[in-house]
Structures are given as structure tokens and as C-alpha cells.
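Starting from the known structure of chain W, fit chain G onto it as the hints suggest.
Residue numbers (the working numbering), protein chains in the order written: chain W, 1 to 917; chain G, 1 to 288.
FYI, nobody ran anything at the bench for these hints, they're computed from the structure. All values reported here derive from a predicted model rather than from experimental measurement. Any given hint might turn out to be false.
Claimed, not checked - Taking CB as the label site, the calculated pair distances span:
| no. | chain 1 | residue 1 | chain 2 | residue 2 | range |
| --- | --- | --- | --- | --- | --- |
| 1 | W | Val628 | G | Ser225 | 36 to 42 Å |
| 2 | W | Leu626 | G | Arg239 | 43 to 49 Å |
| 3 | G | Glu231 | W | Ala19 | 30 to 36 Å |
Unchecked claim - Computed list of chain G residues with no C-beta within reach of chain W, every gap over 10 Å:
| no. | residue |
| --- | --- |
| 4 | Ile62 |
| 5 | Asp63 |
| 6 | Arg65 |
| 7 | His73 |
| 8 | Lys78 |
| 9 | Arg123 |
| 10 | Asp132 |
| 11 | Arg149 |
| 12 | Asp156 |
| 13 | Val157 |
| 14 | Glu161 |
| 15 | His170 |
| 16 | Ala188 |
| 17 | Arg229 |
| 18 | Arg233 |
A virtual CB, placed ideally from N, CA and C, is assigned to each residue, including glycine.
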Amino acid sequence: MWALGPIGFATPWLLLALAGLPVLWWLLRAVPPAPIRRRFPGVVLLLGLEDRNQQSDRTPWWLLLLRMLAVAGLIIGLAGPVLNPDRAGLPRSGPLLVFIDNGWAAAPDWAARIEAVDAALAEAAQDGRPVAVVLASDVPGEGLPLRPAGEWRARLAGLEPVAWAPGYGAAMAWAPDLPGTEVLWLSDGLDHEGRATLLAMYQRAGDVTVAEPPAPRLGLLPPRFEDGAVKLELLRSAEGGERTVQVAAIGPDPNGIERTLARAELTLAPGALRAETALTLPPELRNRLTRFEVEGMRSAGSVALADDSLRRRRVALVGGADREGLELLSPLHYLRQALEPTAELIEGALNDLIQASPDVVILADVATLAEPDQRALAEWVAQGGLLLRFAGPRLAASDVGRGIEDILLPVRLRAGGRNVGGAMSWGSPRALAPFSDQSPFHGLAVPDDVLVSAQVLAEPGPDLGERTIAALADGTPLVTRKALGEGAVVLVHVSANAEWSTLPLSGLFVQMLERLAVSTRPTRPEAETLAGTTWQAEQLLDGFGMLVKAEAMAGVEGERLAGLAGPDLPPGLYAEADRRIAVNALGAGAQLAPANWPAGVVPVWDVARAAQPLGHLFLLAALLLLLVDILAALRLSGRLGGAVAALALIGLIPLSEARAQEGEAVDPAQLAAAAEVTLAHILTGDADLDALARAGLDGLAAELTRRSSVEPAPTISVNVEADDLSLFPLLYWPISATQPLPSPAAYGRLNRYLAGGGLILFDTRDGNLSGTGGSTPAGQRLRALAAPLDVPPLEPIPLDHVLTRTFYLLGDFPGRYAGQPVWAEAAPPDAEQAEGMPFRNLNDGVTPVIIGGNDWAGAWALDAGGRPLLPVGRGGAGERQREMAYRFGVNLVMHVLTGNYKSDQVHVPALLERLGQ
Amino acid sequence: MSPAVLRARAEALAQPLPPLLAEARQLAASIQLGEHGRRRPGMGDAFWQYRPAMQGDPARAIDWRRSARSDQHFVQEKEWQAAQSVVLWVDRSAAMQFSAAERVTKADRAAVLGLALASLLVRGGERVGLSDMPSPPMSGDLQVERMARLLMAEEDVEYGEPRLTQLPAHGRAVFLSDFLGPIEAVEAALARATGRGLSGVLLQVLDPVEEAFPFAGRTLFHSMSGGLRHETREAADLRDAYQARLAERKAALSALAASHGWRCHTHHTGDTPAAALLWLYHALERQR
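Next up, chain W with everything else stripped away, as it sits in the complex (with noise of 0.2 Å):
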């Protein structure tokens, strides 16, 4: 690829077709524009004129120039340019290794080195290299996992950053004896140790671009409780400019919802590389809180997982009555001490205090309980509250537990208690035995100096082993511990002051009262306090800072809990028993250095802008450029008028079809007669004959609800200038002489109704005595109705209509008047006879018009009492015609409504036949 400053070309050997171009600017110069031809009888008289100007010859020099452009973008978008191509000018060859630091302060940017890697890939794809892709996190055994770039592209959505800092430590350990390659190092931008010697050894392997970006990187501290307030500390990288970020404290609300429960804002000054804040929460809230969040970012290293560290337990301290002045005898003393700095305290009556559901009530040498009080303890603890009980003279001297188990008292007592290692004893002061694995506090290390001198006495029982979480090294029970429902009551054998031991003096004391969950540590706990016991991780951050819970992971040890995030210790929420130790990516007073590279090695951060190919920009502008110099030669030969004018008319085309629908108010009674079957006739003005047609389909429809399952509902008049007829399967149209002619949009509805399927019943109501020559005056109307209407050619109903048999087996059609033909749409000239039937294969259509003048309606109109309203025929005779005239309409309802089904019917032997098949 030839590059000519930021621009290379693919094929640049095309770009000497520019030197053509001069060539080109002569031979359009001397070709003038084509002319127009026109044929114009006034030639003759053009004969011999001279063009005044000799200039308009030649194509004008800005026409020249546009075509110039327009050719030389041509050539140049062809010649394949590609904004930034590769920097190197020629293909390299040889493996290239693609080294990404992927830990969490590389996640803010994830998806532009992934971009930027698919970019280096595609080119070595380009190049035919072979690459291998290393993540810091995942540095292979040895060598180097060599595939070619294509395989790798397809696996580059799958990396994901991890949470923690990998570090270079496993790099340094297997690039020493890497063979020659290229490395492409996507650094995270900060420093870990190693860098330079890692660094070194890729230098040895071959070069070494290094990609950072060059954003300074931001970490969130863990949250510290100092002085009352959750004290939050935001990092950066490398100093910059004043920045002002969003911190949000998550938790769930009292619903269980995780919501952001407060904010803090942290502004970094200009210069600074970080920041503090003070977040005062009440206890409530802060005890609620899970996590802190930079807003806006997504980085493990953003978010800051809350534990036990920032939750101050409630305790209630209940001693036995003060003995006066004696302030370092006072059984709470050390308890206030021990507990003051990590615990919320509160001493008063026991019955204020349940009601102000603390976490843990401490009852310090109290023995007897006032009855009432004891029940609300017993039901507190059954709650999941934790009673923790302190031996003492008055817990010796009384009866509880004695002889039965006090529901309050994990063992029953021995009466009397025993004195140890006193003037008047047997032995010497007992030492403690190292807690049992079963014990929660398993790993605490017992200091040779708490001597136990008095204890209580546990009477000696079946589940005394297993309730016993601490003893002597004689085996005798010194702490001892049950369940009670959710909660547990648990009795320290001793006095909580230093009179019958010296336990309470000790840091073991405190760390005892930590384990029991009944303080909680105030920072991270030292690796010695948290030794021997197996932490199971809860849920865990991802590298994007998103947390998800953690599954089947093995439990952890509690001394490495003290360590940093790692591979082993992935950031998340740890969880032993009660107690919840947050694992940050960012620890404690961690730093974040920005990675200082050698003088040799220039980070650069424009592997994302992969090369552009232009090729499209410059062909595109040609093609408009071309498009221009049409107008312009339309302009020049004077036919751009017609050119503007199609333009013109491809521009309205649309205006003129794009018409708004007229909103139309729906009459009701129109919305009733789409809801069922409604016959109509159509008003003609004669204020009678409108009643004879309104009675006749009242009539129809009363023989069709009585004889068929068609049931009309009440006739309506239609008229032909207002109403919408596309809601009537069948108008009945009486013709009277006087009738008006419709208006020619009534006209146009009309049409539409019939174009629609629907059907007009024309009758002239004069026994068509006038035949087809229209000599009556109703059938002169008719004529004169019926021209503007869009009808089909007409024939008598033969005798194979489907009106024939749609509903009855028919042979005339009579009204009051009978024996004359009645004239339906004519057949298509290419029926055929069915098949072995006595009728035509007449498929197709419902006739759009029949037409008669045997005044069906006279014939059908009954009165209020339902008894005919006009006589038809005389005797007998006349009732079998009106009865025939019922049963032509309801034919005529039946065609209307069901079409040509009788006449497929034909069909059925043949069709039960091939179904048998």
C-alpha cells in the first residue's frame, strides 16, 4: 500500500490515469455540447444567420473544471484510498502477539480495545500473520498460542477484563523464552510491578507497540466508617483537570428494592489524584448499604462492596445493680470498652430495650428475670436475636438452671459454682484449652495469660460437648452456646470483669465478642483474626463492576480474606455465618500509579482508528459532481426547463396523492343495520309507494325469520343521495314515473354498490307490460334511471339461474303479477352443461341487478295484523302465487347472502369423491 500522508492507496497505479486529465480538459474543450434538434418549418427563414457569439463553441471553463473534478474523484475512489492505513507502509510478516492487560482498570474502555485488537487482527488477517492473543489474566503455559487472526476475531466478543489486577507476574514468568514476534501491548494504563522487566523481554522478542488509553483511570476506595460517617476516597491515575464525580450508595430499601439510597459527590481538583468525602447516613440507612458506585462508570474498580465494617450492631447492655464507686468492678466496664468503638450501645430497662430491637442483649450477671421480661427476651431471641449471657456471683448464687434447663441459659448449672487457684482451692488458676475446629472461634490464637480463678458450672449432660464453643484446658465448659428458634443464647462462664478472670483484660475478649458477631470490626480484620476460619463467597463482582452471585465457588480461607483480590480471591461479598467481608479490587490505601513507559516506547491510543477506506466519499462525490454538470449542460443547451419540470412532477406526485381521509359521523342507525342482515329499499319520493316497499320487506323478513335462518332486522329506507349504501346486501329499488334522477355522485355510490357485490331489485310494478321497450312510464323511468348505472349485459333469468334453487326449486318469479321474465346479469357465453346435470356450470358472481315489474312488494306487504295488505290473484290460485312471490325472495335474500353456494354444489359428488380418495 503506497501512502501519501495520512492516505494510502490500494491500487495506486490508477492514479496515473490522472495524468490524463489534461487530455481529457482538451478533447471536451474542442467537443462542444450536443445540440438539440428540433424540426421548425421556420428554417428557411434561419438560412444564412451567423451566431453572433463564437464563444458558447466551447464547453465553459467551470463546466470543465466540475468534470474535471468529477473524473479525477473517479480515478482517485478507485484508486482505493484508506484514510490511516497501516503505519508501516509495506504488509509485515512474522507472529504477532497481542498482550492485553485485562484487569479491571482496562473495563471502562473494554469495547475500544476490543475494537482496536479487531483492528491489529484484521490486518494481520490482511497480512496473512499468525497471532496469538494473551490475557494477563491468562497467560498460557508456554509458547505462543499461534492461530490465524480470523480465528482469534471470532473469539475476541467472548474476552471479558476480571476484577482484580492480574498483575505481570504469570507474563514474566512465560515471556522470557518467547520466540521472535511483534507484540501489540494493550496496557490498562496503570502501573504493576513488572512492567519494565516484562517490557524488556518483549523488546528481546521483537517490536513492541504499546496501545494506552489515554484517559486517567479512577478507583473507588473501600469505604471507611470514621467519626460517624462513611468516608469515601476516590483515585486517579494521573492528574488532570478538575473533575467532579457521582458517587451513589446502594442498598435495598425497606422493601427489598435496590435503590440508590444516597449520593455523594467527589471532585477531584485540578492536580489532585484524589478525593475525599464524608457521607453521614443515619444507622438505618448505612446499615442497609450494599455497595458504592461511580456513576456513570463501568469498572470493577469503580464500585466498593460494603460489609460488616460499616454496620454498627445495636447491643443492650443489662448489668446487675451498680455497685457503687466501683466503677472497675462494674460487670459492663469492659463490655462498654470492648464494645463502644464497633457497636451501637444502649442500656436502660430490658423492656425499653427489646422494643428498640437491638441486635445482640447482653445480660451481665443478671439471674432472675421479672416474668414478663423474660418471655419478650425468649420470643426476641426465637427472632434471630442473640442473647449473650456473663456469669457472676449473683448467676452463682441463684437457682436458675438448676436442676431443669432455664430456656435463657444454654446448660443447666451446678449449684455452687467452683473457685480456682484461690487460697482456699485445690489447683491453680486454669489456663484455656485451643478452641475446637467446631468452635466459631476456631483459629484465635489463646494467649498464655488468661487464667480463669471462678467460673459457673455446667451440669454435666448429654449435648453439653457440642454446646460447648470454648473450654478449659481441663475440658471444663467456658463458653457455651444454643440455639433458641432463629437466635441463640449463648453463657460465658465467667463474670464479664476481670474478677474471676482475667479474659476480659485480653485482646482475646474482644476478638471472642467479634466472632460472635456481637461487635464488628471497625477496618479490615488482620489475617491472624480471621485465621481458621472458611469464607463462602456470596456474590462477586465481574470485571465490568456488575455484581452477579457467585456459584459453586470453593470456600476461602479466612487468612487470605486478608490479602488482595486475585485470581483465587475474586472482589465480591464473603459471608461466614453472620459475618460479611467485602473483597474489594481496589484494597485498603491501594495507589494507583499511571504506568511510566521507557523513553524508547510511546504509548499511542489510535490502534481504534483502523483504517478508513474512502473509496465510497470520493465515488460518491463524483457521481454528484456528474449530476451537477447534467443540470449544468441541461442549463447550457437551454433544456433544463424540462428537466426542472420532471423534477417538478417526481417532487408533487406524492403531494397530490397524499390527500387526508375525511373523518365521516357514523349515523347510528347505519351502525345498527352493520351489526345484523338488513334489507332496504331505496326512497323514491312517493310518499306511498316508500310505505308498500317498506311493508313488502317487512313482510320478507318476517316469512325469512319464520322459514330460514336469515332473520333481518328492521327494514330501513335508504336514501340514494345521503346514506351509505355498502351496508345492505340488497336495495329494492320501486320505480315510479315521478321519481327524480339521482345526483351523479349518488350515481357514483351507486356503481361502487354495485361493483361491491351488492345487489339492486328493479321493479316496475306494472306486470312489465311494457317488455324491454320501456312504452309504460314506470319503464321509461326505469330506462332513464338505470343509463348512468354501471350494468352488466342482461338476460331473462333462464331456468338454470341459481335463483332457481337457492333456497326452493323455483320456475317463475312472480309478485302480484306473474309470467312475465324477470332480467338478471346474462350468463358467460362459454357455460357449460354440468355434467350429468340439467343445469350450466354457472360459477361466479351474484347478478348485480335483477329486474322485473312484478311488484314483489305488493305482494309481500302484510298490514299491523299481519294479514296481506293488497290482493293478489283471486281465491286459491292467488294465495299460491303470493306464496311463490315469499319464495322468490327469500331465493333472492338466499343468493344474495350465500352466492353461488347452490351452484357449487354441482361440485360435490366430485369433491366427496376425491376426499374419499
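Relative to chain W, chain G alone:
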């Protein structure tokens, strides 16, 4: 040629006739034909004037009823109503086939005007005919139809020249053409017609485009059948020269007509034909 083919051809030929004739008749009907004599004494039915009897008047010519009222003898003269022969020359050359902007062609307009005039004249009892008809002018509707039939045919020349096979002495002549052809031919025809004692009118039928010359840009003009051509680089520049030449041609035509006692007029196809017909009719009337 079988009768069927002949019939088909005849039908095809006759088909455009009714519209053309109908148009012409409709046009002719738009002119109110009053009682129009020759406005001079002569043979006829209508009274013209009484004049004192002069030497040589036959005795039966004397109107005794009038003479009885005075001492003089009067002769009643009738208005001369003898039929005139009018020949029309309608240019049917290729140039007349020109039309622009969906107007009728000049040939169509000329034919319609000619036929309308013919039917008017026939109604007035005159004999009409085309100058290039084989038979002399005749009277009657059939003659108009014959003329129409002849006018359907297009001539295969670029510009029309008057062909005067029928020149009834002392008749009238009407030339309908665009007169864009050589003016010498018109001059010769006029001289010949005047020599035979004919007087008449020249009606120049032009398309408005031919008058306005609304062209621009590089243009190659060619005549209707392509025989003549003229190329220009900028048509708009030629407009003035063209219009000057056209005016010159019109002036020459007018001068020619005036010198022979004819009348001359220009009609544009963009205008209504009734005006032109009216002018034609009156022009013929006045020359009587």
C-alpha cells in the same frame, strides 16, 4: 383488391372525415348568415332599387305599379344573386404539419377554416372547390365532403406552392398557407389569378412558436421532412434576426396582396378559428 380490403380502406379514410367536417360545420354555424345579396343590381329575387327607365330597357322590365304613382317610368332592379365561384387553395405541405405545445397543426387549422368557409359559401348558394381539384367548383354539401376528402391527403413537398388548375374567371380565390415557401411562387400564382380576373384573400396560418421563436441554447433546426437544416450555437441570439425576417416576409406578402387588390391576414393556431373565419367571410364579402 378484394371488396373487403377496399371497404376497410374506405372506412379508414372516411373515419376522420366526420369530425373534421363536423368541426368545420360547427364553425360555420357560428356565423350568422343574413340575407346577403351581391349588393349590386342584377339577376335575383330580392328587390334592390327603382331606377328611372332608360333607353334600351325592355318594356316588360318596367314596374308599372311604381310608375303609375308618378310621371316617370321606373324599372325595378333586383339584387344580383348570381352564384359566385370560389376556389380555395389549402396548403397541405409538410411545413403545415407543424404544431407546438399540443396545438392543432397548421394544416388542420387551415383545412378546418377552408371547409368551414366552403360550407358557409355553399349555404349562401355559391360554388366552391379546391384550386387543385380536377373538376370546377360546384355547389352542394357533397362538394364540401369531396373537398374534405381531398384535404386529408398530405402533400409530399417541403413548402407549399399554390397549384391553380381551376381558375374560374372572375371568381374568388382564397389561399390558406403559412407562406413560408418561396414567395415567388405565390407572386406568380397571384399574377395568374389576377390575370383571370380573380380577386381574393391570403390567409397566413402560423403557429405562435413560429412567431415568438422561444428557443435557446445550441440547436439544430431542420425542416419538417428534414430537407433543410440550420445549426446555431445559441438559438436565443437568432430570435431578433428571425423575427425581423418574418416581419419582412409578412410585409412582402401584404404588399403583394395589395398590389393585386387582394387582402392579406395572419392567423395563429393559438387563436380561436372563428375570428379568422369571420375575417375571411367579410373579406370575401367586401370584395364583391
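Outcome of the hint check:
no.: 1; hint: W:Val628 - G:Ser225: 36 to 42 Å; result: 39 Å, holds
no.: 2; hint: W:Leu626 - G:Arg239: 43 to 49 Å; result: 32 Å, violated
no.: 3; hint: G:Glu231 - W:Ala19: 30 to 36 Å; result: 35 Å, holds
no.: 4; hint: Ile62; result: 61 Å, holds
no.: 5; hint: Asp63; result: 59 Å, holds
no.: 6; hint: Arg65; result: 58 Å, holds
no.: 7; hint: His73; result: 63 Å, holds
no.: 8; hint: Lys78; result: 48 Å, holds
no.: 9; hint: Arg123; result: 33 Å, holds
no.: 10; hint: Asp132; result: 21 Å, holds
no.: 11; hint: Arg149; result: 25 Å, holds
no.: 12; hint: Asp156; result: 15 Å, holds
no.: 13; hint: Val157; result: 12 Å, holds
no.: 14; hint: Glu161; result: 13 Å, holds
no.: 15; hint: His170; result: 34 Å, holds
no.: 16; hint: Ala188; result: 18 Å, holds
no.: 17; hint: Arg229; result: 7 Å, violated
no.: 18; hint: Arg233; result: 5 Å, violated
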